[in-house]
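**Student:** Single-letter residue listing:
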Amino acid sequence: MSEVWTTDFLTAVLAAAIPAGTAILFACLGELLAERAGVLNLGVEGMMLMGALGGFAFCYWTDSAWIGAIGALAAGAAMATIHAVLTVSLRANQVVSGLALTLFGTGLSSYLGRNLVGKPAPDRFSDLAIPVLHEIPGLGRILFDQDALVYISFVLVPLLWLWVYRTRQGLELRAVGERPEAADAMGLSVTGLRYAYVIVGGALAGLGGAAISLGTNPGWTEGMTAGRGWIAVALVIFAGWNPARAALGAYLFGGVEAAQFRLQSIGIGVSPFFLNMLPYLFTILVLVLATGEAARRRIGAPAALGRPYLREERG
Amino acid sequence: MTQAEQPLAVELRGITKRFAGVVANDDVTFEARFGEVHALVGENGAGKSTLMSILAGLYRPDAGTIRVAGEVVTFRSPRDSIARGIGMVYQHFMLVEPFTVAENMLLGKEGQGTWLETAAIEREIDELGRRYGLAVDPRARIWQLSVGEQQRVEILRLLERGARILILDEPTAVLTPQESAGLIRTLRELAADGFSIIFISHKLDEVLAVADRVTVMRRGRVVASVEAAATTKHDLARLMVGRELASFVEHEGEAPREGTGPSPTTSAPVLELSGVGAMGDRGVPALTDVNLQVREGEILGIAGVAGNGQRELEQVVTGLRPVTTGTVRIAGRDVTNCSPAEISAAGVAHIPEDRLADGLIPSMDLTGNAILREYRRPPIARGPFLISQAIASFADRLLRDYDVKAPNRHVKVRTLSGGNQQKLLIGRELTGSPRLIVAVHPTRGVDVGATETIHAILRAQRARGAATLLISEDLDEILALSDRVAVLFGGRIVGDLPAAAATPDRLGLLMAGVTTQEAGAAVHD
Chain A
185 MSEVWTTDFL
195 TAVLAAAIPA
205 GTAILFACLG
215 ELLAERAGVL
225 NLGVEGMMLM
235 GALGGFAFCY
245 WTDSAWIGAI
255 GALAAGAAMA
265 TIHAVLTVSL
275 RANQVVSGLA
285 LTLFGTGLSS
295 YLGRNLVGKP
305 APDRFSDLAI
315 PVLHEIPGLG
325 RILFDQDALV
335 YISFVLVPLL
345 WLWVYRTRQG
355 LELRAVGERP
365 EAADAMGLSV
375 TGLRYAYVIV
385 GGALAGLGGA
395 AISLGTNPGW
405 TEGMTAGRGW
415 IAVALVIFAG
425 WNPARAALGA
435 YLFGGVEAAQ
445 FRLQSIGIGV
455 SPFFLNMLPY
465 LFTILVLVLA
475 TGEAARRRIG
485 APAALGRPYL
495 REERG
Chain B
37 MTQAEQPLAV
47 ELRGITKRFA
57 GVVANDDVTF
67 EARFGEVHAL
77 VGENGAGKST
87 LMSILAGLYR
97 PDAGTIRVAG
107 EVVTFRSPRD
117 SIARGIGMVY
127 QHFMLVEPFT
137 VAENMLLGKE
147 GQGTWLETAA
157 IEREIDELGR
167 RYGLAVDPRA
177 RIWQLSVGEQ
187 QRVEILRLLE
197 RGARILILDE
207 PTAVLTPQES
217 AGLIRTLREL
227 AADGFSIIFI
237 SHKLDEVLAV
247 ADRVTVMRRG
257 RVVASVEAAA
267 TTKHDLARLM
277 VGRELASFVE
287 HEGEAPREGT
297 GPSPTTSAPV
307 LELSGVGAMG
317 DRGVPALTDV
327 NLQVREGEIL
337 GIAGVAGNGQ
347 RELEQVVTGL
357 RPVTTGTVRI
367 AGRDVTNCSP
377 AEISAAGVAH
387 IPEDRLADGL
397 IPSMDLTGNA
407 ILREYRRPPI
417 ARGPFLISQA
427 IASFADRLLR
437 DYDVKAPNRH
447 VKVRTLSGGN
457 QQKLLIGREL
467 TGSPRLIVAV
477 HPTRGVDVGA
487 TETIHAILRA
497 QRARGAATLL
507 ISEDLDEILA
517 LSDRVAVLFG
527 GRIVGDLPAA
537 AATPDRLGLL
547 MAGVTTQEAG
557 AAVHD
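Protein chains in written order, with this note's numbering: chain A, 185 to 499; chain B, 37 to 561.
Honestly, the hints are just simulated from the structure, not real lab data.
Remember, it's a predicted structure, so these values are computed and weren't measured experimentally.
Be careful, since some hints might not be right.
The following label-pair restraints were derived from C-beta to C-beta distances [unchecked claim]:
#1 A:I468 <-> B:T150: 35 to 41 Å
#2 A:I468 <-> B:T451: 40 to 46 Å
#3 B:R49 <-> A:V339: 52 to 58 Å
#4 B:A428 <-> A:T405: 44 to 50 Å
#5 B:A381 <-> A:G490: 35 to 41 Å
#6 A:S310 <-> B:A119: 49 to 55 Å
#7 B:N444 <-> A:N277: 30 to 36 Å
#8 A:W245 <-> B:T150: 57 to 63 Å
#9 A:T190 <-> B:W151: 43 to 49 Å
#10 B:D98 <-> A:L343: 43 to 49 Å
#11 A:S310 <-> B:W151: 49 to 55 Å
#12 A:Y464 <-> B:T451: 43 to 49 Å
Glycine included, each C-beta is placed from N, C-alpha and C at the ideal position.
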């Protein structure tokens with residue numbers, strides 16, 4: 185047991201926690217944007233899978249992980265567009281549409297990807313040590329010896345935080361999610377904003393998928409996101425719709441995932457099934473604690489989350 | 037310069053707007069000038085808010101033209117209307133509650149950079165606030181402000197956007213008398229500065245205090261547009277309610293009791309409200325110290341302009357809204373804050389205002405709706421099972437007795453006409469001979485034939501000895517059916533008259549908030 189508390193072991197776990205958490209983080213930031221605009225999208229898992237497949241497929245065809253990443257963004261965005269049309273324009277129930285999207289994405293990715301299963305990845309996002317910084321003891325290995333997607337996420341988190349809380353566009357985003365009537369009366373396009381954020385959110389979920397298929401586990405296998413999309417949805421609540429706290433949560437989950445492998449590898453006698461279960465147990469706990477209107481208001485849920493907006497709401 | 041010489045700010049011509057087949061505005065023409073406060077009055081549902089929402093760009097008219105400062109305009113969204121200098125303060129404020137005052141002011145404002153800059157706008161809020169008596173803390177969050185302060189934010193925001201034409205939809209409905217007086221001062225100052233102010237209201241005192249001109253709407257049409265100085269509250273009330281005295285005379289012949297059943301003056305009270313108070317949806321007191329009695333074999337009509345506590349009174353009696361003070365008794369038993377089921381079981385029938393929302397299940401068939409009150413009792417229920425034969429004969433009897441015309445028992449209630457829906461609902465509620473009937477707008481949206489049937493049913497119930505609380509905005513109906521008429525104004529009973537003394541003139545004045553003494557004097561003038 186003592187070997188768990190060595191600096192080396194902890195550094196290794198944390199260094200693995202960051203890339204493991206990055207996939208969840210992208211998906212979580214995407215969902216956060218959609219929910220801030222008032223649209224709940226439970227299709228994250230399906231969008232991630234399509235992103236993972238799209239990312240790998242484009243990389244496989246072009247031998248470029250970067251083109252793969254663009255494919256992943258496009259695949260996620262395309263999936264999210266379906267949700268936007270259904271829930272924003274047609275005002276369908278957001279929960280039903282999102283669940284359908286996850287089922288659709290799971291099935292479609294298995295079908296489209298059947299010839300890519302087990303194919304070797306011609307390219308991937310491999311670790312790039314940042315000169316000088318990566319030599320900082322401990323911290324260097326954790327933060328500055330990672331792949332490009334991780335560095336992108338490092339930049340994205342503060343950028344989104346500034347966007348949401350410090351820019352005019354962020355104010356509009358929050359207004360649409362809190363009180364679409366007010367946004368509309370002030371001349372903003374509720375439909376346009378909701379479309380934009382749902383689609384951008386989907387693209388980020390797709391990128392999250394690529395962070396797995398081109399990053400941590402290069403290649404394609406059916407259902408390879410293994411429920412990370414659901415964790416991302418729960419994390420948005422845990423994060424209180426705040427991008428900075430989303431990063432914290434994502435790395436926490438990444439840490440659980442990383443610890444699970446490392447503990448097994450050093451032969452700690454905990455059932456792997458138990459460890460596998462932990463992220464989901466934590467997800468359920470977060471959801472239970474965050475359910476109920478009062479609790480949701482207290483933790484800052486957008487007031488119009490899940491509510492379609494229709495201007496001429498009259499008899 | 038007199039008002040007539042001021043340029044026209046707004047000209048609406050031939051505006052028509054329908055919602056799902058219901059005509060909310062029917063060929064409406066309306067003008068307002070710069071430099072005037074123009075009041076738009078009418079009962080609820082008269083089409084005032086719809087007309088102004090069209091002017092604010094929120095709804096698009098089906099027909100008609102809009103001119104602003106002489107130019108023909110088409111509004112695709114509120115943004116277009118704002119660009120033309122029109123701003124509207126809605127009844128439900130368009131503010132984002134978790135945002136600060138300054139953030140709400142910045143929302144949708146043109147010409148901003150990417151970063152949120154609150155310092156400049158905060159200074160501007162202070163400045164405008166001082167100038168027009170609209171002081172508010174720019175850093176406060178909306179939910180921390182009183183309703184009156186929130187309203188100031190709305191007005192400030194419009195001023196800051198450069199609006200020259202301000203529309204206020206029933207702005208004093210949620211204000212205290214002091215706040216109302218302050219708002220009226222602000223509006224007069226704005227008009228003196230050349231703004232055009234359109235003030236929607238049905239409080240005639242205020243209208244006459246603030247307005248230069250008054251336009252009256254009724255049932256989607258403009259019925260009059262007059263100088264405020266040349267009219268009286270009495271005239272306006274009559275225009276709003278739209279009753280010519282002649283039309284009442286016909287009804288009064290059939291109104292008085294036929295002399296059957298117990299005499300209501302001596303019979304036992306069935307419903308007794310003493311000192312009842314209740315809160316409205318916004319947390320403002322909606323009923324204050326209401327004292328009422330309805331006796332066996334009596335119909336008590338509740339008259340009043342909509343929004344003066346009628347809905348709350350209905351809900352308090354039927355157990356749908358908590359009573360904050362006082363007691364509600366039914367047949368001598370204290371049922372204050374009992375559940376709707378308990379009150380229903382005490383013998384109360386409820387014919388709600390919105391039959392499709394609160395009375396029937398539109399997507400269920402006639403049979404299902406018919407047994408909603410009886411389904412737990414034999415012969416319809418036997419243990420956990422519903423007996424389909426008993427249900428069929430029950431439903432058939434109900435359809436026959438109450439003259440519900442439907443192709444068969446299995447059509448969805450949604451497909452029936454309003455009159456047949458209402459007869460089905462009334463029939464269901466009257467099953468089991470209730471002691472008390474709470475009927476709210478029982479003939480709203482119902483054709484003439486069904487209206488007569490429903491009135492006959494209510495009279496028959498009176499003859500049987502039922503007590504009826506009839507809440508209606510239709511004075512004809514109140515006068516045709518009631519033995520006594522009470523008037524609700526501002527959540528209080530301001531008059532309680534025997535049918536013989538309840539003339540439309542007198543009721544109209546009471547409904548406008550003129551007290552009984554004043555009303556008596558005015559009628560005798």
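**Student:** Hints first: check each against the structure and report whether it holds.
**Tutor:** Against the structure, the hints:
1. Distance hint check: the CB atoms of I468 (chain A) and T150 (chain B) are about 40 Å apart, consistent with the given range 35 to 41 Å.
2. Checked against the given bound of 40 to 46 Å, the beta carbons of I468 (chain A) and T451 (chain B), roughly 45 Å apart, stay inside it.
3. With their beta carbons about 57 Å apart, R49 (chain B) and V339 (chain A) fall inside the hinted range of 52 to 58 Å.
4. Under the hint 44 to 50 Å, the C-beta atoms of A428 (chain B) and T405 (chain A), about 59 Å apart, miss the expected range.
5. A hinted range of 35 to 41 Å holds for the C-beta pair A381 (chain B) and G490 (chain A), which are about 37 Å apart.
6. Remark: the range hint 49 to 55 Å for S310 (chain A) to A119 (chain B) is upheld by a beta-carbon distance near 54 Å.
7. The hint said 30 to 36 Å for the Cβ distance between N444 (chain B) and N277 (chain A), and at roughly 32 Å that hint holds.
8. Checked against the hint of 57 to 63 Å, the pair W245 (chain A) and T150 (chain B) fails, with Cβ atoms roughly 38 Å apart.
9. Distance hint check for T190 (chain A) and W151 (chain B): the Cβ-Cβ separation is about 46 Å, which falls inside the suggested range of 43 to 49 Å.
10. Judged by the Cβ atoms, the range 43 to 49 Å given for D98 (chain B) and L343 (chain A) holds: they are separated by roughly 46 Å.
11. Remark: the range hint 49 to 55 Å for S310 (chain A) to W151 (chain B) is contradicted by a beta-carbon distance near 37 Å.
12. The beta-carbon spacing between Y464 (chain A) and T451 (chain B), approximately 48 Å, falls within the hinted interval of 43 to 49 Å.
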